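Listed below, chain by chain, are the residues.
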Amino acid sequence: MSHIHIPDGVLPLWLWALGWAVTLIGVGVAGTFASRQDARRRVPLLAVVSALMIVAMSSEIIPIAYHVNLAVVGGILLGPVLSVIASFIVVAVLALLGHGGITVLGLNAVIIGIEMIIGWALFRSLITLFGRTRVGPVAFGTTVVTLALTTTALVGIVALGGSEAASRETGSLDPATLRFENPLSEGLFAVGLLSGGEEGAEEPAAGESTGGLSVGRFATVVYTLGPIGWVLEGLLTAAILGYVARVRPGMMWGGLLTRSSLRPQGDDGTVN
Amino acid sequence: MDIAAIDRSATRGDGPLRGAAPRTKLAALALVLAAVLVSWNVFVLVGVLLVLIATLFVGRVDLRLALTLAAYPALFALVFAFASAPDVMTAAVIVAKAITAALAAVTVVLSTPYPQIFSPIQRIVPGIVGDALLMTYRTIFILLEKFSRLLRASRLRAGLRVGQPIRSAQATAGALGGLLLYSVDLAQRDYDVMRLRGYEGRLRVSTQRSSDRRVDAVLLVGSVLLLATSVVWRVAFGALNPYSWLTVIVPLVLVISAVLSTRRARR
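Going down the list, the protein sequences come from chains A and B.
According to the numbering used here, the residues represented by the first sequence are 10 to 281, in order.
According to the numbering used here, the residues represented by the second sequence are 101 to 367, in order.
Honestly, the hints are just simulated from the structure, not real lab data.
As the structure is a prediction and not an experimental result, all values here were calculated from the model.
Even for Gly, the Cβ is constructed at its ideal location relative to N, Cα and C.
You may find that some hints are simply not true.
What the hints assert, rightly or not - Some chain A residues well away from chain B (every beta-carbon gap over 12 angstroms; in silico):
| no. | residue |
| --- | --- |
| 1 | Ala130 |
| 2 | Leu138 |
| 3 | Ala157 |
| 4 | Thr229 |
| 5 | Pro236 |
| 6 | Trp239 |
What the hints assert, rightly or not - Listed next, the stretches of chain B that the computed footprint assigns to chain A, with coverage defined by at least 3 CB atoms under 8 angstroms from CB atoms of chain A:
| no. | region |
| --- | --- |
| 7 | 172-181 |
| 8 | 232-246 |
| 9 | 273-285 |
Could you put the whole structure together from the sequences, leaning on the hints where they help?
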């Protein structure tokens, strides 16, 4: 519930174009930075974590349109720089498979990128506070808090894009009358199937808008369904990271702790 | 999602759509997406959807697979529409936009090998991003295959039982963790082999050319017509809305013709 499942053409042009601009700049900067810091040796890890996120996001687990993201797992394993690249790769592949929309690709990448970076930063802070023996509970708490934050960001985006002013920009409203034009209201299809008959159809008052998205209802649905997903994802993240921390600590702390003095002894944090 | 089936469809089989230049298909996708973005008329959107179905028929692409893939985002769009649309018509438009845009993307993906799709992206992003994109797609197959084996092994060792959800969940999470480590090792070995063979930071993808330029022309002209229809109906909606049914009838005739011609060709 943390990335956008809004179809193409619903959000206004300025909003999704801004998402694309931010994403391209972010990927450009992260790509240049990653190339400089000899991150090429971590490209296989980047590919595997991105693939894992794609597989997770493309598998619906409950028939209420919910899937896990594993973005926090990805953020913790990759660190902030590679997370920006991974978020772009994940949403690009998913968009090509029809999942996520191509125009909202930028906004999706921003949301997932933020999720990965917040997850990385929060986990890093909490693990310093509670110690490395508490990987499971810390991962759970980090995931739930991160998903709650990014879900709020998602609602914010819908609020920005769903306002009446924005709706006019997308063309959902007739600019002349400020009304949503219904193609069933005239001609051959003017049978009033959706309005209770031609005679029962009510005309909105002059200047009245009917085309904006209901942000309040959207927020209610998201905050009702979301917590189920946050807890499920938190449990899964805790189990996966607990396993990786036990079996391959170098991979875990390599992405998390960038300073060599903080890495486990005898382990350079890379995978060989 | 059966990614193996998607890859099979993209790389094997024949049909005019697979012979078209990837660049043309991507340009056509951009035009169809623009048509979807512009239109808020449910009939125009359904018309575009029907044209895409006719294209899939003529292009000999697996229609069932394409519709299944397009239905997945439609499910999310339905939830979004239910949660935010002010009326039934807006909700219908939101879902129609989702299905049509997804089917347009899926049509390209099911008829084009993935390196050809990623090739234009590779040119505009830093080398590390382009390479990671190609390696990611390949890794998806490794993950899916290995995960199914791990789950089977867990089941055989009684790690997954209906009556023990917590134990099953722990086994699945352990399998995912093991899968992650295995895949990293495998990808690392692949990367080392690539380095030994001379990889120096950029995977090169040769661009596929069109096998029949007429198909490219038809794709582009068709896409431009769809966008033009969408724009005209948007601009002159007051005069044209009573005739919106035309935007469904004409593509419907196209679909029927495509089905009939495909059947005749098979005989």
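Comparing the hints with the structure gives:
For Ala130/A, the shortest C-beta to C-beta distance to chain B comes to about 22 angstroms, beyond the 12 angstroms cut-off, and the non-interface label holds. Distance check for Leu138/A against chain B: the nearest CB is about 24 angstroms away, which clears 12 angstroms, and the non-interface claim stands. For Ala157/A, the requirement that its beta carbon stay farther than 12 angstroms from each beta carbon of chain B is met, with the minimum near 18 angstroms. The Cβ of Thr229/A sits about 8 angstroms from the closest Cβ of chain B, inside the 12 angstroms cut-off, so the non-interface label is violated.
The Cβ of Pro236/A lies farther than 12 angstroms from every Cβ of chain B, with a closest approach of about 16 angstroms, so its non-interface assignment holds. For Trp239/A, the non-interface assignment is confirmed: its Cβ lies about 16 angstroms from the closest Cβ of chain B, beyond the 12 angstroms cut-off. Proximity of the region 172-181 of chain B to chain A, defined as three or more residues with a beta carbon under 8 angstroms from a beta carbon of that chain, is established by the 8 residues found. Under a criterion of three residues with beta carbons nearer than 8 angstroms to beta carbons of chain A, the stated coverage of the region 232-246 of chain B is upheld, 11 such residues being counted.
Counting residues of the region 273-285 of chain B whose beta-carbon sits less than 8 angstroms from any beta-carbon of chain A gives 11, enough to reach three: the coverage restraint holds.
In terms of the numbered hints stated before, the structure departs from hint 4 and from no other.
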